[in-house]
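Undergrad: Now for the letters of each chain:
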Amino acid sequence: MRITDNYIYQAMSAQLARATERMTQTQMQVSSNSRLLKPSDDPAASVRASELRSGLTQLTQQETSVKEGRAWLRDEESVFGSIQNLLRQARTTALAGASTQSDESRAALALQIEQMKQSLLSMANTSHGDRYLFGGFQTTAAPFTEAGGTVTYNGDSGIKTVTVAGGITLTFNHSGDEAFGMSLPGGSVFDTLDALSTAIRTDSQADIQTQLTALDAHNARFTGMRIETGLRLQQADLLNNQIGQQRTLLTGMLSETADVDLADALVQLQAQQNAFQAASYVAGIIGQGGLLKWLS
Amino acid sequence: MSLFTTINTALSGLLAQQQGLEVTGHNVANVQTPGYHRQELVTRTAPPYPSAGSVLSTGGQFGTGVEVAQIRSMRDAYLSRQQDATNGQLGRWSMGYQALSRIETMLSPGQDLDLSSSLDRFFNAWQQLATTPEAPGIRSTVQAAGIAVATTFNSAASQLDTLTQQANADLSTRVDRLNTLSEALAELNAQISIARAEGRVPNDLLDQRGVTLSEMAQLAGVTVLASDDAAATVSIGGQILVDGSYARQLQVKTGAGQPTIVWEDTPSQTVALRSGEIAGILEVRDTVIPVYRQQLDDLASALADAVNRLHNNARNPAGTITANGQPAGDFFTGTDAATLAVHADILASADAIAAAHTANAPGDGSVADAIAGVARQPLVGVQTAGQVARALVGQVGTAVQAAKTQLDTTTALRDHLHEQDTALSGVSLDEELTSLMMYQRAYEASARIMSVTDRMLETLLTQLG
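Those protein sequences? They're chains A and B, same order as listed. 0 is the number of the first residue of the first sequence in numbering that gives the first Met the number 0; add one for each residue after it. 0 is the number of the first residue of the second sequence in numbering that gives the first Met the number 0; add one for each residue after it.
Rather than coming from a laboratory, the hints here were simulated on the basis of the structure. Every residue, glycine too, gets a C-beta built ideally from N, C-alpha and C. Hints are not guaranteed to be accurate.
Distance ranges between label pairs, derived from CB positions [what the hints assert, rightly or not]: (1) A/290 to B/443: 15 to 21 angstroms; (2) A/286 to B/451: 41 to 47 angstroms; (3) A/250 to B/346: 33 to 39 angstroms; (4) A/288 to B/2: 45 to 51 angstroms; (5) A/265 to B/234: 38 to 44 angstroms; (6) A/285 to B/234: 38 to 44 angstroms; (7) A/36 to B/285: 25 to 31 angstroms.
Taking lysine to aspartate or glutamate pairs in the DMTMM-like style, the calculated list, with each CA pair at most 20 angstroms apart, reads [to be verified]: (8) B/252 to B/264; (9) B/403 to A/41; (10) A/37 to A/62; (11) A/37 to B/407; (12) B/403 to A/40; (13) B/403 to A/20; (14) A/37 to A/260; (15) B/252 to B/175; (16) A/292 to B/264; (17) A/66 to B/133.
Looking at chain A on its own, in the form it has when it is part of the complex (with noise of 0.2 angstroms):
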């Protein structure tokens, strides 16, 4: 086959432009460390990342719901152990005023129950930074207030949800008029201790037993939602310890899809700059040979 100048000086052009093109392509790729500098590097790859990244942003906004979540269960749950503690004090302190004989400790004791009303009203009125626990959607404003001995509710009964991914619904909270009783017909766990005190102040037995009675229902109702809060609880840690395991497969995909393998792509380069070297050198004899030369 007759070969030519021009197609000598083409063929050569041609050869080191492909082989700066190849070279340019892997420095590309190691300096990002990413195989997928465009979607069409690799289509199928490249939508495959981009969904993993997806993924990864969506667990960040889930952790942090979550997290608020299980702070909200956790201080609920502690609120309701003290709150529970503080029922057990009052029926001791009650049975003591059922058994006292003198009207000034009968008094005192009374005076006590009292006491033990303001604290509930106080822990009724807990807060979770500036917003507050028992309020329903009312989470602005202390829902509890107390006017001339009536404890009044102006929460609402919302319960604050928020769903997270697979459809899971975390609920945080228990609305303030179900926890405390405002609804009930035998009047709410202040309305008990208010009648308490004023059972043992008038030494009634009958009336301090049928208090303490309803004292015991209320117990039991918040034992059932410190239950409730707990196993929520429980549902929020697992929920969280799963996001943080998905995240380092999402995270290990990702790194698998998009990555360069680094010594790979290092090596690679090594041959693809000796190839362009050996062309541009060939280059340069070929160039400079011809009959020209030798013809005086």
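Guided by the hints, dock chain B onto chain A, whose structure is given.
TA: Just chain B, lined up with the frame of chain A:
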């Protein structure tokens, strides 16, 4: 036969070698000229004396020297047609690849800048609002995320529009160029015919015509119907474009919809182009861009509807109330990717964003929770919003890959044909220099014969006179 005949024979030699030199010089001067086919001097013996059938008897036929039969240029018509066809394909795929690459860069500008990330941040903001609706400034985050999503859609739509406009501008330029070339071709055809009629083969004109045909093929994938050395007939879309010295013109017709290419003399007839850069541009403009645009539009409108259905008090059965205690309106306005925007009320104040069902319920984030859930619901067909966005990028990536493969294959074919072409018609400087040496020596030898004969004549004239 006399000594004078010998001088004439030597003279014919001198003239022939001189012409050989000229041809060699022409080849060397045009070693870089695109489309140049190397030329060769073809000589033959001059008519012998006496010619056959003559009554003279001289004891044999004597040669009378050399004459130039023709100056032949080394060309292969079949190869040229193949090259033209390949150029047409190359033009088409290179336009397609270029446009698709631009679309790819636009839709995938970087890891956190694409539509999929923007949608993720949007839905994350709603989830945060659902978790802590009382937090000051949380609504501003949702507002900002909504604006970012709308802007990403708007920008994508606008860039596709720009590409379409660019395509139309490119189209116009190329049609003008094609018209210019058609006229040039007609002119060349006329000149070639005249030269032919005078009995000459116009090698250089044929080379120029080859270059013109090649460029026309690359632009519009024209078919060369009959190209003997006299006239090339060129057709496009099944109709004659150039016939002899007559050239028709094409025109870009604007009107309702996208501009089309029609014949200037019959504007009602569209020209069907199947290869060439113009066909590539039309393909991108009419089939590639609208498909992607449609997908973006479908996604934008489905997203707006899904969010509004939950956000707007009139459409949500459980009711929605803004932070200002008012019934909430739409979150998004607009019907497609170009018009998608956050509602003016929300742009004015982030407090117009609703998270709650009922008034005076600062801790109620249920509406926001539902909207955050849209991320996980099928939005277009069975795909979620993020899946649609990512699938679109995947589609473009695959299309770019396919176009690149076509382009590389066609380029390799073109290079292979070019190799064959230069093997036949390329100028090799070494070859020409060798010819140069040969013509030079032959010239010297003929001159020597002349001078020897001249001395012999001198001997005859001076010694015998």
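Undergrad: Are the Cα atoms of residue 37 of chain A and residue 407 of chain B separated by 20 angstroms or less?
TA: holds, 18 angstroms
Undergrad: Between residue 36 of chain A and residue 285 of chain B, is the Cβ distance one that fits in 25 to 31 angstroms?
TA: Holds: the Cβ-Cβ distance is about 30 angstroms, inside 25 to 31 angstroms.
Undergrad: Between residue 286 of chain A and residue 451 of chain B, does the beta-carbon spacing fit 41 to 47 angstroms?
TA: Given about 45 angstroms between the Cβ atoms, the range holds.
Undergrad: Is the straight-line distance between the alpha-carbon of residue 252 of chain B and that of residue 264 of chain B 20 angstroms or less?
TA: holds, 12 angstroms
Undergrad: Tell me if the beta carbons of residue 250 of chain A and residue 346 of chain B are separated by a distance inside 33 to 39 angstroms.
TA: Holds, since residue 250 of chain A and residue 346 of chain B (Cβ atoms, about 37 angstroms apart) stay within the stated range.
Undergrad: Run the distance test for residue 37 of chain A versus residue 260 of chain A: straight-line Cα separation, threshold 20 angstroms.
TA: holds, 17 angstroms
Undergrad: Do the beta carbons of residue 290 of chain A and residue 443 of chain B sit within 15 to 21 angstroms of each other?
TA: Given range 15 to 21 angstroms: holds, Cβ gap about 20 angstroms.
Undergrad: Quick one: are residue 265 of chain A and residue 234 of chain B within 38 to 44 angstroms, going by C-beta?
TA: Roughly 55 angstroms apart at Cβ, these two residues miss the hinted range, so it is violated.
Undergrad: Checking one constraint from the list: CA of residue 66 of chain A to CA of residue 133 of chain B, max 20 angstroms. Satisfied?
TA: Holds, because 17 angstroms separates the two Cα atoms, which is no more than 20 angstroms.
Undergrad: Is residue 292 of chain A close enough to residue 264 of chain B, meaning Cα to Cα at most 20 angstroms?
TA: Violated, at about 59 angstroms.
Undergrad: Do the beta carbons of residue 288 of chain A and residue 2 of chain B sit within 45 to 51 angstroms of each other?
TA: holds, 47 angstroms
Undergrad: Are the Cα positions of residue 252 of chain B and residue 175 of chain B separated by 20 angstroms at most?
TA: Between residue 252 of chain B and residue 175 of chain B the Cα gap is close to 13 angstroms, so the pair holds against 20 angstroms.
In this structure, the hints that do not hold are numbers 5, 10 and 16, in rising order.
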